[in-house]
Amino acid sequence: MPILEGKELRIVGFLCNWCSYGGADTAGVGRFKQPTDLRVIKVPCSGRIDPLFIVKTLLAGADGVLVSGCHPRDCHYTEGNFYARRRLEMLKRFLPIMGIDAKRFEYTWVSASEGQRWQEVVTKFTEQIHELGAAPKIVGAEAEETLKLMEAAL
Amino acid sequence: MKIGVFVCHCGTNIEGTVDTAAVAAASREFPGVVFATDTMYACSEPGQDGIIEAIKEHKLDGVVVASCTPRMHEPTFRRTLERAGLNRYLFEMANIREHVSWIGKDREANTNKSADLVRMAAAKLLKNRPLFSKQFPVNKSVMVVGGGVAGIQAALDCANGGLKVVLVEKDTTIGGKMAKLDKTFPTVDCSSCVLGPLMVDVAQHPNINLHAYSEIEEVNGYVGNFEIKVKKKASYVDWDACTGCGLCVEKCPSRKATDFFNEKLATTKAINIPFPQAIPKKAKIDPDFCMKIQKDKCGVCAKVCPSEAIDFTQKDEFITENVGAVVAATGFDLFDWTVYGQYGGGKYPDVITSLQYERMLSASGPSEGHIKRPSDGKEPKNVVFIQCVGSRDKSVGRPYCSGFCCMYTAKQTILTKDHIPDSQSHVFYMDIRSPGKLYDEFTRRAMEEYGANYIRGRVSMIYPKGDNLVVRGADTLMGAQVEIDADLVVLAVGAEASVGATDLAKKLRISYDAYGFFMEGHPKLKPVETNTAGVYLAGACQGPKDIPASVAQGSAAASKVLGLFSQDMLASDPQVSVVDIKRCIGCGKCIQTCPFGAIKEIDFRGMKKADVIETICQGCGICTSTCPQGAVQLQHFTDNQILAEVNAICRF
Amino acid sequence: MQNLEDLKEQVRKALPELDVVIGWTGGYDPLHATPHFIRRDEDIDKLQVNALCVHNLATYLPSMRGKKVGIIVKGCDSRSVVELLQEKLIDREDVTIFGFGCTGVVDQTKIRRIVGDVGNIDSCEVSGSEVKVSASGTEHKLAMSDVLSEKCATCRYPNAVLSDHFAGAEITSTATFEDGYKDVVEFEEKPEEEKFGFWLKEMDRCIRCYACRNACPMCVCRDHCVAQSRDPHWLSQEAHVRDKWMFQVIHAYHLAGRCTECGECQRACPVDIPILLFKKKMNKEIKEVFDYEAGINPDATPPLMTFKAEEDKITERKW
Amino acid sequence: MSDSLNYAYYPGCSGTGTSIEYDMSTRAICAKLGITLNEIPDWSCCGSTPAHTVDHTLSSALSARNLALVEKMNLSTAITPCPSCLTNLKTATHRMGKDEFRDDVNKLLDTPYNGGVDTKSVLQIIVEDMGLDALKSKVVKPLKGLKVAAYYGCIMNRPPEVMNFDDPEHPMAMDNILTALGATVLPFPLKVECCGASFGIPRKDIVMSLSGKLLDAAQDIGATALVTACPLCQMNLDLRQDQINSANGAKHNIPVFYYTQLIGLALGLDEKELGIDKLCVSPRKVINDIGAEDAS
Amino acid sequence: MEIVNITKSYDSSFVKQVEKESGQNMSHCYQCGNCTAGCPYTFVYDQPVNQIMRLVQAGQKETVLKSKSLWLCATCESCTTRCPNNIDVAHIMDVLRHMARREGYAPVPTVKSFWDSFLSSVEKHGRVFEIGLLASYIAKTGRFWTDVDLGPKVLPKGKMHFKPPQIQGKEEVQKIFNRFKEESRK
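Note that the protein sequences, when read in sequence, are chains G, F, Y, W and C. Just add 48 to the spot in the first sequence (first one is 1) and you have the working numbering. Just add 7 to the spot in the second sequence (first one is 1) and you have the working numbering. Just add 66 to the spot in the third sequence (first one is 1) and you have the working numbering. Just add 39 to the spot in the fourth sequence (first one is 1) and you have the working numbering. Going by the working numbering, the residue at position 95 of the fifth sequence is 88; the numbering climbs one at a time, nothing skipped.
Read the hints as simulated data drawn from the structure, not as lab findings. C-beta: ideal position from N, C-alpha, C; glycine also. A couple of the hints might just be wrong.
[To be verified] Derived DSSO-like pairs (lysine-lysine); straight-line CA-CA distance at most 27 angstroms: (1) Lys589/F / Lys133/Y; (2) Lys13/C / Lys401/F; (3) Lys172/G / Lys13/C; (4) Lys311/W / Lys150/C; (5) Lys183/W / Lys472/F; (6) Lys81/G / Lys533/F; (7) Lys236/F / Lys513/F; (8) Lys146/W / Lys174/C; (9) Lys81/G / Lys13/C; (10) Lys137/W / Lys179/C.
[To be verified] Partial selection, computed: residues in chain Y whose CB lies under 8 angstroms from chain F: (11) Glu153; (12) Lys154; (13) Cys287; (14) His290; (15) Cys291; (16) Asp297; (17) His299; (18) Trp300; (19) His320; (20) Met371.
[Unchecked claim] Chain Y is nowhere near these chain F residues, computed Cβ spacing over 10 angstroms in every case: (21) Pro204; (22) His212; (23) His377; (24) Tyr446; (25) Ala578; (26) Lys607.
So that you can see chain G by itself, here it is in the shape it has in the complex (with noise of 0.2 angstroms):
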């Protein structure tokens, strides 16, 4: 499906399992309204999640990336947001000498308990991304193309 011209953004998040995609569903349940633009990656955790993920789905045309976890100490797994938060940190600091600007990514911290603060993050975080606008697309290559030929080839 294409992006909505001139309503949505693209924008992916990477949701650990145990907190912030339970807080997700909790803000569902609460029925506490959210733009539109997000689209939920989950993974179990969010030490899982490669900061080349994240570079990819910038470099692939996203327009902002949302991380978010377990609050610091209340990882499912212990320690995972503890790794999380140093490479997440690194790749923040990193993104400007790539001429992405960091305001096109963000990581925190939610609860499964905490439906209203997801809300708010991503508001907050959508706000964000439609202020900053598009980001600089890579043209030239036959991306349906390419794709086709990936998919084809796996």
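Position chains F, Y, W and C against the provided structure of chain G, taking the given hints into account.
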């Protein structure tokens, strides 16, 4: 792979704001998708049958269901696939309810987003592989943390079911809050007569091993095989020798120790047994008040003890217990009401808590069942009860209803009338919440038969006037400000998470809410489970609960444990990391970062390689994001699966 | 070089216990040195150590694991050795390190820019302050300061940080950490679009030869590099700028907390893409947040392989 | 003790008139205690209650004019003895934190005010900036035997988010000062109850009732004097005490001091300087009894 | 008592206006009555505070704006300080007073006259001129001064001045009032 997509209406829950037929139509264009349809209720029997039929008819070998959160029905649909003869991991869910239809009403955007989520799910599914569980043995014993009524019930049910039970209690006796109560609603029967026999059963049960005055220090392991370090706190009494005769208590000259059991209404001896029916009935020294420990004087208890049990040098002791499951039943604590300056902030002795009032009412309490004002010992005639103190009050960070205060307040007005027939009770309330069996009738009885004066409104301030307290409140029904000259004010103090609950949650790796109450697996369908396999909840640690609800949860948690242990072997979750031995260069970075010690170094034809111990791996994937060459891959969340999701939506 | 004879002597003494000693010798023309594998006494005489010895020989060590290897290292090279030791990719007891005080090496690109595309190099003389090159009959006198490699101008570790033998006197460095990162700061100050555009243009020139990776002493994945695998399938085989750029970020990220800035990647690049900038940026941030530098202490743990429950310098943002 | 006890001083309108003894005693004790008061040149009225009942922008503008004057003095903190003035100054600062409101206020002003001036009560700086130990060390005539009730009034500490000083329900600043002065401070239960405020003129009955309760409560606990920090409270309790007695059929004869007057007495200052003679209910007997051997 | 037809009398724009001007969310009030319980002025109110809150929730504009209670609130902040839902009730009372003024309600004329006299005094002199204020108030209300007994207590002690205060900035203060009047006419 031939993928079938099923887009659920969930009645109007999804269909109301998502055009599910359009989503299905769009899905047919996605790579790998050969069949797509919308369906009324995918999780219902006809819905599931429809999926099975489609699998057979279209020879599907992968299924995407777009419906609610996978945290709800993923297990349901995985079973559906198995019934159709497919591996349960050839399945993906697109969460178009919690993440789409429930959070916005823009049908166009929702439909578009839903299609995107299906596309991502299908893209990932193309990379899914069948996964198979391993079997591992279970240690069929259970640890119950907390010896209140919920923990006691859970422990007894498990023990009666034939399991070995380790019951850990942080105080010197089990019984919890219920042991402090005088009577219980709505039957007004004696609390200790109900609870006492259960406590004795715990003490005598051959399957129950009780560690009182102990706390959880450290939790290792996983479902089926937990290894838990327990701290046995120093009581300065050798409990193996102590017979609970009470001679030491009788002779101890230090009388100023804090009496926690009586809610500080009185003081107690430096060596004491909290109450006569305590289980275990063992003495403990409060070192802050013991003259021997403080000043190396006295030592009377040691001299009089017939079994030479006193040990002033005793230290905390650590033991390790191996169990297959854990039930957390750590209960609640009372809100610290002294933040209410307008109620005196603790300055007025005749403003007491409801639990202090219970101790006052109790025949085993410090006043032996006589209601006496703490200030002068006089019998009060006008007693004012204030409800919702630390409940439903955002300004003190406690917006929730504690649930049981309305009922115990009604009970206390009845007991007040019983104890002092010429007394008058006044109850300030906002709403009466009494939705239990015979509950509302009970509050009516308090008013109709016992003459309790219910006043609808909050109390703004309490101030002393002469010997009495002026309680100034509102009667909103009358539309007036009202004042009552009270002899005694009882605050119906709300419940909050027990001290240390969040620390325990972290050790058990379970979630808790903003107030420190433990999170259940699902608010409706998994009320006593947690999201950590093998850890269950019982009682008020999950949220304020009255006795019947706590007991029911104790039994429910026990039944879950018994169910878990009904098999000799447990199936491991195959969503674990696997090392591609060809790609591994043996650098050991994964070993270094694994939080569980689940990866070990092996020698493979003279080369160092990493190897995952499947039954220890918990599936966090830290190793996968650590390995530079991607040699270790978390199954079901491989780099390729996540990249497929990224590629599905970020199309340059 | 006055230390050369001492060094040769040290090698000569140690050689009987070793399978090989890696050093440098004259290359295909007088302007270039090349790696030199000393197995016999007579090989020692060909040993060359001067400003032309640009190669980081540590690159060879992991593949020679199991053998007794001697290695001659500049200060920067020694950090790579330390890093390999730290990651247990080589074994301390099998490696003999010969250090010396390095005054810097030349940047061949700079020389080529000044001298132009000359045919045959007739001779090349290197002194402390000057490089004399005669090519096709013309003599060029180049000031060392004009042709010195960038990394050498701000070098803080001119002496081997770890060595078993050290030839000559140690050299003192006055450079500060900040000195070495002025280029990063300067580049970063440019507007985002300009930087993005810059990289698009630069990366577009990449020919995916992977010389950068092959020259990197810390790129130990070698045959298993994710750049050329299907599982995981991070990059397509397409020669698209997106994939090329992605590869460079992967390289930088895999080196986070490990890169010693020997600069071999950028030196090896046949089309001169300034890819060291990515690695330097990462190092700068690593130093700022974790106060850590790679290749100094063989017993340290790289910061991304560990954590603190309360991080000193990562403040929870408003997020 | 800090050597920077240097403040802009806002006396408030009543300080020049009906509560002149509050202003006098404040200036006297500050001089004695080494607190420098720099009267804001050409200050104007804060608008008091009437202004904010009409409009918040107007009310804040009247306060902001004075804050802008303080800005010119290069002083960071302005202090006032009067809680009503303080509330207006603080509320203006608080609300002007929002850009939109600040712009509206500045539209009414000649000189715009952009924030940056801290406002406190004289009471707060004595307790927090100077400290009770420093005060205690300067006491030469302890108020031994004086049994007082400290009455703070309704807005000295409320709402806590704005006033940000002491406990909103059980303030202790004056209690602690009076204890430091050697007086016996009785636990007054109605410390923050309203006295009737400015309704004395338009609805006297209200003051009769509310201030009457306060006097009753003071008598109940056996206080021989009331101590206040508010001109309006003092006026209602002192000036109108006879009216209250006749309206309620009571016979109160309780002198009502400003706490600054009592500090002055304890510091050994002259009664004249403290405006003791300006009080309506005579404090003579109470003052004479201070330090008497068997003060009963 | 009349029947309140909620469908007809509910004025949603009134509720929104109160919320906008006060910055408070009316739906946060769950009618516990704590404001009324703590309010020292309940005894003179025609509608206790909690009922004012309820009437605003119910959009009963006229009943609210004609209430005497609005004019008898002294902004003592008891309600605001103790509200369990952190509602700034005193602020709402202030805002309702502003609205009542705008709509021309003055059910307690003495209070309004006193406040008006006070402000005219400030407008005229830059500071309050107490004797002038009293004179103006008596003139406005046409009432005999009920505080004659206080004169002998105050005057000899020099606590009231017969001459108005003189400040240089009084024109500046007048300008504040003038601009305010201009702004409110907009």
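Hints, one by one, checked against the model:
Distance hint between Lys589/F and Lys133/Y is fulfilled; the C-alpha atoms sit about 23 angstroms from each other, no more than 27 angstroms. Of the pairs offered as hints, the one joining Lys13/C and Lys401/F holds, with about 22 angstroms between alpha carbons and a cut-off of 27 angstroms not exceeded. Taken as a hint, the Lys172/G and Lys13/C pair is honoured in the structure, with Cα atoms around 23 angstroms apart against an allowance of 27 angstroms. For a cut-off of 27 angstroms, the pair hint linking Lys311/W to Lys150/C stands: about 12 angstroms separates their Cα positions.
For the given pair, Lys183/W sits about 26 angstroms from Lys472/F by alpha-carbon distance, which is consistent with the 27 angstroms threshold. A distance of roughly 26 angstroms separates the Cα atoms of Lys81/G and Lys533/F; the hinted pair therefore holds under the 27 angstroms criterion. Of the supplied pair hints, the one linking Lys236/F and Lys513/F holds, its CA atoms being roughly 14 angstroms apart against a limit of 27 angstroms. In summary, the hint linking Lys146/W to Lys174/C is supported, as the alpha carbons are separated by about 12 angstroms, within the 27 angstroms threshold.
A hinted pair counts as satisfied when its Cα atoms are at most 27 angstroms apart, and Lys81/G with Lys13/C qualifies at roughly 22 angstroms. A hinted pair counts as satisfied when its Cα atoms are at most 27 angstroms apart, and Lys137/W with Lys179/C qualifies at roughly 22 angstroms. Taking 8 angstroms as the C-beta cut-off, the interface hint given for Glu153/Y holds, the closest approach to chain F being about 6 angstroms. Hint on Lys154/Y holds. Least Cβ distance to chain F is approximately 6 angstroms, under the 8 angstroms limit.
The criterion of a C-beta within 8 angstroms of any C-beta in chain F is met by Cys287/Y, whose closest approach is roughly 4 angstroms, and the hint holds. Interface hint at His290/Y: satisfied, since its Cβ lies 4 angstroms from the closest Cβ of chain F, which is below the 8 angstroms cut-off. Proximity of Cys291/Y to chain F holds as hinted, the smallest CB-CB distance being about 7 angstroms (cut-off 8 angstroms). The beta carbon of Asp297/Y is positioned within 8 angstroms of a beta carbon in chain F (closest approach about 6 angstroms), and the interface hint is therefore held.
For His299/Y, the shortest C-beta to C-beta distance to chain F is roughly 5 angstroms, which falls under 8 angstroms, so the interface hint holds. Proximity of Trp300/Y to chain F holds as hinted, the smallest CB-CB distance being about 7 angstroms (cut-off 8 angstroms). About 4 angstroms separates the beta-carbon of His320/Y from the nearest beta-carbon of chain F, less than 8 angstroms, and the hint is met. Because the beta carbon of Met371/Y sits about 5 angstroms from the nearest beta carbon in chain F, less than 8 angstroms, this interface hint is met.
No Cβ of chain Y comes within 10 angstroms of the Cβ of Pro204/F; the nearest lies about 46 angstroms off, and the non-interface call holds. Every beta carbon of chain Y lies more than 10 angstroms from that of His212/F, the smallest distance being close to 40 angstroms; the non-interface claim holds. Once the 10 angstroms rule is applied to beta carbons, His377/F is consistent with being away from chain Y; the minimum gap is 52 angstroms. The beta carbon of Tyr446/F sits about 45 angstroms from the closest Cβ of chain Y, which is more than 10 angstroms, so the claim that it is off the interface holds.
Every beta carbon of chain Y lies more than 10 angstroms from that of Ala578/F, the smallest distance being close to 26 angstroms; the non-interface claim holds. Every beta carbon of chain Y lies more than 10 angstroms from that of Lys607/F, the smallest distance being close to 15 angstroms; the non-interface claim holds.
Taken one by one, the earlier hints all hold for this structure without exception.
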